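Residue numbers (the numbering used here), protein chains in the order written: chain E, 1 to 312; chain B, 1 to 357; chain U, 1 to 193; chain Z, 1 to 105.
Keep in mind that the hints were calculated from the coordinates and are not lab data.
Predicted model only: the values in this text are computed from it and were never measured.
Possibly wrong hints are sitting among the right ones.
[Unchecked claim] Simulated restraints on C-beta separations: (1) VAL18(U) with PRO15(E): 27 to 33 Å; (2) HIS181(U) with GLU58(B): 52 to 58 Å; (3) GLY41(E) with PRO176(U): 53 to 59 Å; (4) VAL290(E) with VAL5(Z): 50 to 56 Å; (5) LEU159(U) with PRO15(E): 51 to 57 Å; (6) VAL177(E) with ASP119(U): 54 to 60 Å; (7) VAL177(E) with PRO259(B): 32 to 38 Å.
[Said to hold, decoys possible] These stretches of chain B come out as covered by chain E in the derived footprint (C-beta under 8 Å, 3 or more residues): (8) 79 to 88; (9) 234 to 244.
The beta carbon of each residue, even a glycine, is placed where N, CA and C say it ideally should be.
Chain residues, written in single-letter form:
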Amino acid sequence: MGETATLADAWGAVPAALVVVAVALALGWAVTATDRAVLAGGGPVPGPGRDAARLLLEQRRTTPAPDRLLWRLGCAGVAVLALASWAVVPLGSRSLWSTSADLVWFNAAEAVLWAAVWLVGWGPNAFAALTGGYRFLAQGLAYELPLMFALITAGLAAGSLRTTDVVAAQAGLWFVVTMPVAFVVFLAAAAAFAFWGPFDAPAGTDVAGGVTSELSGVDRLLVSAGRAVFLGAAAAMAVALFLGGGAGPWLPGPVWQLVKTLAVVALLVRAGRRLPLLRPDRAVEVAWVVVIPVVLLQALVVAVLVLAGFYG
Amino acid sequence: MDLTTRLRAWALARPRVLVVDPPGSDPLRWAVEEELDRRGWPRAAVPAGTDVLLVLGEPGPGLAAAVDVLWTQVPAPRHRARLLAGAEVAAALDAARAALLAGGDADRPDPEALLGSGEEDGDEDPGADDGSDEDADEPDGDHGGMDHGGMDHGGMEVAGLPMAQTGPDRDGLELDVLAVSLGPVLPAWPTGLVLRAEVQGDVVTGAELSWTDDPPQAADPDPQRLALDRLARLLEVAGWPAAARDARRARDGLGSADPDRVVAAGALAAALTRRVRRSRTLAWSLRGAGRPADEPGEGVLDLVRDWCAAATGDAPPPAGAPLDALAGRLEGAELGSARLLVAARAPAPVPVGADRG
Amino acid sequence: MLTASTGWLLAAAAVLGVLSVASGVAVFVVDSMARATFALLGSFLAVAAVLLALDLAYLAVVTALMMTIEMAIMAVFMIAFMMNPAGLVPMSMVHNTRGSAVVGAGAFVVLTAGIWLVDWPVRRTAVPADPTRQLGEALMGSHMLVMLGIGVALFATILAGTLLATARGRYDRFGPDLTAHRPADPVRGGLAR
Amino acid sequence: MSAEVVLQVVLTVAAGLVGVGLFGALSQQTVVMVMMGLELVLNGVLLAGGAAWYFLAPGLPDAQVLVVVVLVVMAVEMAMGFAVTIALYRSRQVEMIDMAADLRG
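Take the sequences, apply the hints, and build the full model.
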């Protein structure tokens, strides 16, 4: 692609980064607000902004004999990595930063996020948090491969691992038409990595909040904001990889992209909150034994279509 | 009113409330929860996420001691309030928020001093935590088979906490056994119930259930509302917050004086129980939970259905299990299953020690 | 003559390099297994960042990805086998420290001497526009044999690792005549087998 | 000349990683810690491979392929190490190399 200049090239590194962070936070806010509105079911919705302010006022508590260094590192890591995954999400037709392996970058950000959440569970030296950490490890391991194959399937059809190329390759036909399985698996696995909705076991009520059970003040803010920002990034990425990015009639590209992203958020939240928790000791086996082969089949179908010249 | 004060007032306008309900204070808790839901104040699950600690009724001495420890784990700004039966709930909540805004409670101990350092940690009331820190009880398994050569840490203590010991496990690996106590204040569990457990990873290998205090003489609340309340808690532990919210709403509606609301609540309860009974996802997720592979007996899923029947008024609520039998069922269960099973069994309070045989 | 980009590269390589070696040293200095594991991860991530600066985006992110997963699994192993959740126990588990230090330092000195004494050739080709594509085409074309070897090695590892690690074979699960209807597993999975 | 200095710096870092890793692999008692030492050595090789590609022969994919092979070796080493650790531990509650010395011949 000739015009793969990045946002950093176009606007300068610092302004571009600030814009992307602002977009990431705004979308994270939207995700949290939607989630709470669905959960409140018509009742009053506690605003995420107010929550953030309250958490900033709150004292950071501690526990007996914590591994404080790793704990704080984990909390900060969740937020930083959620933002890092935004570096390759296209806004309009450009992303903040572009490498020849954007899709793998997104996946790697998730993997490091995985380690950071584990640290959040490990750090406070508390039983509920550690149990949440164990659960997240098992869950992350089981959903990592489906996520990777779902991402790769989109890259396969576009013939490039660059997100902007993937968006450009959908000029004729949105990828969701030929790879619906990859689309669904991508969103589900992203929800699992954000331990949200039916994949909430690492922070579930049955372990008293799990990895988040000992967090207060800034730490709690960082982790919950990181989760929301990451879910937002996944929704925006799903739009770029499977729903044609900013393509659409009448309206300008960025508006279309925003509309689609918010639609994906609404869909994800509504579908996710309809379901009860998928307990990991049952769901993980399905991930290994059913989901991975199904995604591989999806990739095979797409590969055959590529060879047949379907994607041009 | 300067900007900081206003910002503070805005931020703390909807404080998170941790409700401690001693056995027998169910109707009072329902009134509080209804008011919280009406205002959109979140309910806190753990002391770390709490602004207002609201103690209902008259806790017994055991629970009161536990609440004192719980209080040390609540980060500032914070406020601790009591609410006696018959008091005005809305006024009490408003007063709590006002106190929180005024700077919270003056006796603000430094959590570092209370928790971070030293010896007294090990001496905390072992039943008095929320599952957040390790019990000081030594596991009584022998460490005879343990030979770690240069790094034997049997019996060692770090920061006043005992190190875990190893013990046999189902996979043939000598994994560490950790003694923890869950309760007496855990989200969606009967308050005052303590599970002292030995765990390997998240598998419970030894369990003992007890109540902190003798039960009070309490009037029996409406069985249908009680069933809806237990169902709400069970659904919460099962990780279905939207359904749990509907169960709470139906419960609150049934207690209303307005006949229209009662009718609507009955319809909501019917719709909810139909949804829960028919949910394939819930059935799939809970199948096998709380039931050993080859043994007959009611698993969590059967109990969910029993509570559903009771919630529509078609059947009496399932009887609470004796604590010893229930504790026996917990051994070998994954922690989540154990939590579900106790929530589903909803054991009734009995005098302390009466259940030990 | 240091060009601007070379100077930038030099600075990045030096800073990240010091970081990676320091984390590597920390692995054997810190007194907690969890910290050792994450120090090692820090070392890997620093090396991945250097690779990123060297235009090897794909290899850099794959290194970060694989090593993070590896280290997270390693953390669980450490807790399961040698530590408990109570965490920070001072420990020393070394033998033959002096000999090992001599070997380690010796290797470093010899290698460094070589590095600074050799007259390195000057590169003649430019860095390709898309190094990832170069790697992919090599693995699927001229270096197909490597790809096949990797595939077989990984497959053999999966089989051998599972065999070594598992305690229960099919006779334990399905009974001596393999007639059991359902396997006798401690936890039933989600497929209701 | 200038690029050569960068190459030499990167390679020195790689040599440092190899040295530290060798020290660790030889001095540690726990199987997992020995594996960590080996991983550090391989980490150095990884870095050297990347530097060699960028500074010496970016036109050829060979150095990149080498890095891929090193990554796979790391994964295999780790997986087999863990599997052996579990097997040893299960059979005799040992996870230290010295204690497994009776496995010798």
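For each hint, the structure was consulted:
{"no.": "1", "hint": "VAL18(U) with PRO15(E): 27 to 33 Å", "verdict": "holds, 31 Å"}
{"no.": "2", "hint": "HIS181(U) with GLU58(B): 52 to 58 Å", "verdict": "holds, 54 Å"}
{"no.": "3", "hint": "GLY41(E) with PRO176(U): 53 to 59 Å", "verdict": "holds, 54 Å"}
{"no.": "4", "hint": "VAL290(E) with VAL5(Z): 50 to 56 Å", "verdict": "holds, 54 Å"}
{"no.": "5", "hint": "LEU159(U) with PRO15(E): 51 to 57 Å", "verdict": "holds, 53 Å"}
{"no.": "6", "hint": "VAL177(E) with ASP119(U): 54 to 60 Å", "verdict": "holds, 58 Å"}
{"no.": "7", "hint": "VAL177(E) with PRO259(B): 32 to 38 Å", "verdict": "violated, 53 Å"}
{"no.": "8", "hint": "79 to 88", "verdict": "violated (count 0)"}
{"no.": "9", "hint": "234 to 244", "verdict": "holds (count 9)"}
Taken one by one, the earlier hints fail for this structure at numbers 7, 8, listed in ascending order.
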